[in-house]
Amino acid sequence: MEDIKELIRKYVISEYLDEGEEITYDSPLISSGYVDSFSMVSLLVFLENKFKIKIPPEKATPEAFDSVNKIVELVNKYINK
Amino acid sequence: MSNFGLYEERIKDFNWSIAEKELEYRDGNVLNIGWYCSDRICLKGKAGKTALIYEGFGGIKKRYTFNDIRIAGNVIGNFLRNLGIKSEDRVCLFMDRIPELYLSFLGGLKIGAIVQPLFSAFGEESLFIRLENAQTRAIITQSKHLSKVRKIRDRLPHLEFIIIVDHVITKKLESREIAFSLHESAPVENLEIFPATAESPSVLHYTSGTTGQPKGVKHVHYSIIAQYLTTKWVLDLQEDDIYWCTADPGWVTGTSYGIIGPWSLGITQCVLDAGFSAQTWYKFIYDNKITVWYSAPTAIRSLMRAGDEIVREFNLSSLRHLASVGEPLNSEAVIWSIKMFGKPFHDTFWQTETGCIMITNFPGMKVKPGSMGKPFPGITGVVLDPKKYEPIIEPGKIGLIAFRPGWPSMMRNYWNNEEKYKEKFVNGWYLSGDRSSIDNEGYFWFVGRDDDVINTGGHLVSPFEVESALLEHPAVGESAVVAKPDVINMEVVKAFITLKPGFSPGPDLELEIMNFIRKKLSPLAMPQAVEFMDKLPKTRSGKILRRLLHAKEWGEEIGDISTLEND
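Going down the list, the protein sequences come from chains A and B. If you count the first sequence from 1, position 75 lands on 86 in the working numbering, and the numbers rise without skipping. If you count the second sequence from 1, position 265 lands on 275 in the working numbering, and the numbers rise without skipping.
Mixed in with the good hints there might be a few duds.
In the SDA-like style, the derived pairs of lysine to any residue whose C-alpha atoms are separated by at most 20 Å in a straight line are [to be verified]:
| hint | chain 1 | residue 1 | chain 2 | residue 2 |
| --- | --- | --- | --- | --- |
| 1 | A | K21 | B | L521 |
| 2 | B | K530 | A | E26 |
| 3 | B | K161 | A | E32 |
| 4 | B | K161 | A | S25 |
| 5 | A | K70 | B | F286 |
| 6 | A | K81 | B | R315 |
Note that these hints are calculated values from the structure, not bench results. If you're wondering where the values come from, they're calculated on a predicted model, not measured in any experiment.
Go ahead and model the full structure; you've got the sequences and the hints to work with.
Take a look at the structure:
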């Protein structure tokens, strides 16, 4: 679990944050503007590729993507299906 | 009773002098938008009235009166003038929706500079193309966007000043960079306002076409006449309203109706710079008792998707008028808003080039869900036969939406691109590039674009710009970019790609290409789908047949393929 969390956190930092910016597992991503609704699509593709899952479009909401912890919660619903 | 009244009455003997009189403007007078939106309101006795209610990330809240925005505009104008910025110099505003963005807009105009607002999510290449084209002399930005400017500044010899509004003293400033803090600057009570006249240039917004690089749409100070009256009649803003325009001033809605319209009327407006979520938006409306809300179909459809339950968690009864812009508003969204808010969203149609609302469903007029409404008084709007370029009289027949030029906020040209500007006019009509029909009651019904430009979430994306950027990726051999249908954004970018030898298609490469474009151009331009192909469909002369790929995406007839290259 910790590995997934850290993997996602590192990916978000490397792809969406500016140099020197940091986030915690609970930092807001969408409501803080780090990730916008268009960029969310590339984050979704990353999750689907990395964890070999398919997240239905209606579940990929700004609320479900608003922190690393929330994303992990979403991924876990599909990871062993 | 709405400001507008009855359509039939308003179109009789309409003249833009109605707005000129209300703004006490006479032909030949000084006309400076920066002054009209702040100093004039103060002179009207509203200096202490709230002009701006701002909420940013982390719940930061700020309020500014009209006197505050007047003085802040003076401070910024004075600062720019002391740097040597002169009238008609281009000053780019490259900031998130922070107060300095709105106040710099006023400050730049007050000294006669041409303000060039750009969407802060643009990547360095999108930024470079627009700054180079405008030969921009100064850019006002935030520390968080500085790295993008630093990457391109050496290729921009005209860019003399990089002004950072939130510079942290511990970080080192580099070449051409200047720190500026609005709140630490001494107030400037009186500023000599640049004596702009009606035709003095004011704002330069960039928009995308099918071919070529983005075009700078030049507006003039006289645009305020149309922006004032359309705000009053279409958005129905009244003295005690609390208004929220959700658009970013990097795009034309965010300046015409997110700054000039409401502030020229002396109306309190709200700005939320905290990303999108249904919860955040509804809470913002509730907290600020917003009465008039101007948003976009993409946002409305996203709210619909978030469900009805969350709407009921908030008392949104303060809302009295709703409007929408950016792309056609589907009838389901109109019906949903009636169900949830007790009133419909009123669709408005206009463009960067028109500067003001052209066709709309007016307050008090029957709203036909899914229709664009009727032309604003004084606007001659028609659909033209696409071959003869003559107005179509027959109801329901599809043609090109066109307008007779002459309204106050019409663009004056494309920056340094007379050829493209001329292409927009045929037989004395301005061609919008959109298609529609008109029904027997005079309502317009949107059909689609007349070119390959992609309208994603209300923003135009040029396939040419994305294709050019894709070719810079080491794996991409050839590319073709088209619109793909999307439930929320109406259209999104889809890229068809052939790979160079040595590269293999796969999900990781797809993601890499998506992120490459997101960072280089913008999240809007990022392909939301990538399809790898062995070869792209081409004509015998080697031109990529984009329309074939478009037809495939939309399930349309492929049409004549006689020019298709044979194997």
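We went through each hint and held it up to the structure:
1. A:K21 with B:L521: 16 Å, holds
2. B:K530 with A:E26: 12 Å, holds
3. B:K161 with A:E32: 18 Å, holds
4. B:K161 with A:S25: 18 Å, holds
5. A:K70 with B:F286: Holds. K70 of chain A to F286 of chain B sits at ~16 Å (cutoff 20 Å).
6. A:K81 with B:R315: 19 Å, holds
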